[in-house]
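Trainee: In case you want the letters, here they are:
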Amino acid sequence: MLKKRHLLIAITMALAIVMSGCSLPGLSGAADNTIKVGTMGTSESQIMGNIVRLMIEHYSDAKVEMVNNLGSSIVQHQAMMNGDIDISATRYTGTDLAGALAMDPVKDPEEALKIVKREFQKQFDQTWFDSYGFANSYAFTVTRELAEKENLNKVSDLEPLVSDLKLGVDNAWLKRKGDGYEGFVKEYGFEFGKTFPMQIGLVYQAAANGKMDVVLAYTTDGRIAAYDLKVLEDDQHFFPPYDTSAVTRNEVLKAHPELKDILQKLAGTISTEKMQELNYEADGEMKEPSIIAKQFLEEHDYFEDKK
Amino acid sequence: METINDIVYYYSQNAAYVWEQFYRHFLMSAYGVLFAAIIAIPVGILIARYKKLSTWVISLANIIQTIPALAMLAVLMLVMGLGTNTVVFSLFLYSLLPIIKNTYTGIRNVDHALLESGKAMGMTKFQVLRMVELPMAMSVIMAGLRTALVITIGIATIGTFIGAGGLGDVILRGTNVTDGTPIILAGAIPTALMAVIADVVMGWLERKLSPIKKRKAGQLKEQAA
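In order, the protein sequences belong to chains A and B. For what it's worth, our numbering labels the leading residue of the first sequence as 1, then goes sequentially. For what it's worth, our numbering labels the leading residue of the second sequence as 1001, then goes sequentially.
Hints in this document: simulated from the structure, not taken from any laboratory. Take these hints with a grain of salt, some might be off.
The calculated label-pair distances, taken between Cβ atoms and stated as ranges, are [as the list claims (entries may be wrong)]:
(1) A:12 with B:1210: 28 to 38 angstroms
(2) A:277 with B:1210: 52 to 62 angstroms
(3) A:82 with B:1204: 43 to 53 angstroms
(4) A:72 with B:1192: 28 to 38 angstroms
(5) B:1038 with A:72: 31 to 41 angstroms
The calculated EDC-like cross-link candidates involving lysine to aspartate or glutamate, where the alpha carbons are at most 20 angstroms apart (straight line), are [stated by the list, open to error]:
(6) A:254 with A:110
(7) A:294 with B:1020
(8) A:186 with A:159
(9) A:294 with A:125
(10) A:63 with B:1116
(11) A:230 with A:159
Partial pick of chain A residues on the chain B-facing surface, computed with a CB cut under 8 angstroms [what the hints assert, rightly or not]:
(12) 27
(13) 41
(14) 69
(15) 79
(16) 82
(17) 84
(18) 225
(19) 291
Positions of the beta carbon are idealized from the N, C-alpha and C atoms, including for glycine.
Starting from the given sequences, assemble the full structure and let the hints guide the process.
Mentor: Now the structure itself:
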């Protein structure tokens, strides 16, 4: 009995390994010519993943397969290290400085990008590309009405009114060390009249309804545009930068030398406002990321005229 | 009512995408069942011959069937990595039991008088299998494939968690957006529909292949032969 079970396990494993190497017609499998693009579960990540996929398909003959819904940046990183994916579509400088590299946060966006580029090359044999042009960071956000009435542009502009303001924030942020509320008070030197911890998804509506005066939002969330909210500039550079880039394994760049130019074409093409719009199409108008990506690229003619 | 409108709207926006995922979903399930059939039908025939083996094989297939799908995928992912092949392989494993069991039952239940008369006509063992046992057991084997296909269509949905795509992707996206009910339904309805259609089509095939019906229609012919 025991032997038989061992045999069965051995056969199953052998079959599994054989099968993981073959590709099925109709379902592109792990063929050598396939480039695998990994994305997270967020709309933003999936839109960017599909943009990367369509760009590669447009400019080269390589087959591209999507690996969607990876849990987090760390999961993406592990999948890259295992070779399960070749490109991760959205990686954020601030997240990976703290996560994969376990380094202290760096406030200057360019400096942060330089560090992750250097360290990923050195430590993981991976290439970190230039930013797409948008950053998904925390940002203090108010209604446009309030911004116009009080002439608010920067976070520092809030100081004179702050004792009357209600702040709606993400649960975790209030107690977080480093770039949490405590750190904020130290950096900017003022405290809000009242703080209301809530789920991050609710803050946009709360601001739009006037239940909250100021909320801490994600900068690329489509609801900022949809509810006509205004993001205040983080003039003291309190939040670490979360510029977004694609990351690839060097092995794949060697096998597909054209990839480098293709991905480079995307650098600086999508502003934070544009990303808000694209995200809103996904979250608010129920379009699928692959459709949004296609429309976006067709609108810009696949950046043919960019060098 | 508004939800229905939203679903219709969703389809109108994303028809190409949904169709792609539908096709992908079906292919994953079909491949799983196909590979399982290649292995499981011969195994079923074998254990019908050697009865001692049957208890072991069937209880092993039973054990595989009891493993929760998510756990199975997670374990297989560690060996095979992310992607479609891992899902196809786990669907293969889940298809084994219904196919093996039905093949076994189908072959065992062939009337002994028929086997004897085959032998008496001078058929070899292989001829008996090909000309008597398999045709007689075919509808039961098809019933096994039918069960397997319906099971795999359901399980393929969670393939989305290891990046395999399929209609599970649509459902999972519905859980990620602000008001996702229509998107969740837009993914779940085609999945259920696919299972129902697969069941109906396979059921029709099963009846087509049933020897009892054939006897009624072609009774004279068969007797003459």
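Trainee: Is residue 230 (chain A) within 20 angstroms of residue 159 (chain A), Cα to Cα?
Mentor: holds (17 angstroms)
Trainee: Hint check: residue 186 (chain A) vs residue 159 (chain A), CA-CA at most 20 angstroms. Holds or violated?
Mentor: Since the Cα atoms of residue 186 (chain A) and residue 159 (chain A) sit roughly 13 angstroms apart, the hinted pair holds (cutoff 20 angstroms).
Trainee: Does the nearest C-beta of chain B fall within a distance shorter than 8 angstroms of the C-beta of residue 41 (chain A)?
Mentor: holds (5 angstroms)
Trainee: At the C-beta level, are residue 82 (chain A) and residue 1204 (chain B) separated by a distance inside 43 to 53 angstroms?
Mentor: holds (44 angstroms)
Trainee: Mind checking the alpha carbons of residue 294 (chain A) and residue 125 (chain A) for me, to see if they're no more than 20 angstroms apart?
Mentor: Between residue 294 (chain A) and residue 125 (chain A) the Cα gap is close to 31 angstroms, so the pair fails against 20 angstroms, i.e. violated.
Trainee: With 8 angstroms as the cut and Cβ atoms as the points, is residue 79 (chain A) at the interface with chain B?
Mentor: holds (6 angstroms)
Trainee: Min Cβ distance, residue 225 (chain A) to chain B: is it shorter than 8 angstroms?
Mentor: With a minimum Cβ separation of about 14 angstroms from chain B (threshold 8 angstroms), the hint on residue 225 (chain A) is violated.
Trainee: Please check whether residue 72 (chain A) and residue 1192 (chain B) have a Cβ separation lying inside 28 to 38 angstroms.
Mentor: This hint holds: roughly 31 angstroms between Cβ atoms.
Trainee: Would the hint linking residue 254 (chain A) and residue 110 (chain A) be met if the CA-CA limit is 20 angstroms?
Mentor: Given pair residue 254 (chain A), residue 110 (chain A) is violated - Cα atoms ~27 angstroms apart, limit 20 angstroms.
Trainee: Given the hint of 52 to 62 angstroms, is the C-beta distance from residue 277 (chain A) to residue 1210 (chain B) inside that range or not?
Mentor: With a Cβ separation near 58 angstroms, residue 277 (chain A) and residue 1210 (chain B) satisfy 52 to 62 angstroms, so the hint holds.
Trainee: Using the C-beta atoms of residue 12 (chain A) and residue 1210 (chain B), is the stated range 28 to 38 angstroms upheld?
Mentor: holds (34 angstroms)
Trainee: For the hint on residue 27 (chain A), just tell me whether its beta-carbon gets within less than 8 angstroms of chain B.
Mentor: holds (5 angstroms)
In summary, the numbered hints that this structure violates are 6, 9, 10, 18.
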